[in-house]
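Participant: Working from the sequences, and respecting the hints, build out all of it.
The listed protein sequences correspond, in order, to chains A and B. For the first sequence, the residue numbers in my numbering are 1 to 111. For the second sequence, the residue numbers in my numbering are 1 to 112.
Think of the hints as simulated: they come from the structure by calculation, not from any bench. Worth double-checking, as some hints may not be accurate.
Unchecked claim - Distance windows between CB atoms, simulated:
hint	chain 1	residue 1	chain 2	residue 2	range
1	B	L83	A	G29	38 to 46 Å
2	B	G54	A	P111	48 to 56 Å
3	B	E59	A	S41	39 to 47 Å
Glycine included, each C-beta is placed from N, C-alpha and C at the ideal position.
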Amino acid sequence: DAKTTQPTSMDCAEGRAANLPCNHSTISGNEYVYWYRQIHSQGPQYIIHGLKNNETNEMASLIITEDRKSSTLILPHATLRDTAVYYCIVRANTNAGKSTFGDGTTLTVKP
Amino acid sequence: SQTIHQWPATLVQPVGSPLSLECTVEGTSNPNLYWYRQAAGRGLQLLFYSVGIGQISSEVPQNLSASRPQDRQFILSSKKLLLSDSGFYLCAWSKGKGQPQHFGDGTRLSIL
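Facilitator: Written out as structure tokens, the structure is:
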């Protein structure tokens with residue numbers, strides 16, 4: 001699976017959009033981009049995933065560049081409860097579906 | 001809906017003692033199952049995964065083993081714990097190809 005690069009930490013003001021970047025320059029054609037977040041001492045929570053088209057759900061939007069070498073997770077109106085570590089993962093579209101989790105981005109939403 | 005259960009939530013064990021952590025999934029059949037370990041402040045390291053009963057793949061050499069005696073049951077074991085086995089252990093399931101993983105609440109294991 002391709003590796004990803006994320007900033008170590010980011011801050012965001014409450015109510016503003018949080019834009020979390022991820023580089024995955026070695027991504028293969030059959031690899032999806034997944035985003036998870038982990039609130040302290042809990043298991044990671046799935047947020048969203050995509051292959052090449054932009055995706056949106058009730059939690060967030062995922063913007064994938066045309067060359068698929070990077071993506072951005074957007075939390076449109078960040079709240080204090082969005083403070084967490086956010087992981088960007090690329091994973092092949094195979095049955096085993098193994099994921100490699102890096103150290104993620106610690107997002108701190110401030111009042 | 002599907003749910004995943006892990007227990008215990010916390011565990012303190014002496015060095016050299018055995019270990020058994022259990023994970024069960026409800027509301028789905030034939031899931032892919034995964035065990036991860038997370039060191040403090042770090043990302044998740046995949047330890048084992050299983051695509052079916054009795055089918056276990058190991059990702060890293062270690063002091064641990066995994067078993068899948070039933071379709072929705074995944075067990076992480078050790079015969080003799082080491083200090084380095086301390087960590088946060090997470091079980092996850094997915095429906096398979098291209099599907100996201102869903103995690104349990106984890107077990108925090110401390111070795112003394």
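Participant: Work down the list of hints and note, for each, if the structure agrees.
Facilitator: We went through each hint and held it up to the structure:
no.: 1; hint: L83(B) with G29(A): 38 to 46 Å; in the structure: 43 Å, holds
no.: 2; hint: G54(B) with P111(A): 48 to 56 Å; in the structure: 52 Å, holds
no.: 3; hint: E59(B) with S41(A): 39 to 47 Å; in the structure: 24 Å, violated
Hint 3 alone, counting from the list given before, is not met by this structure.
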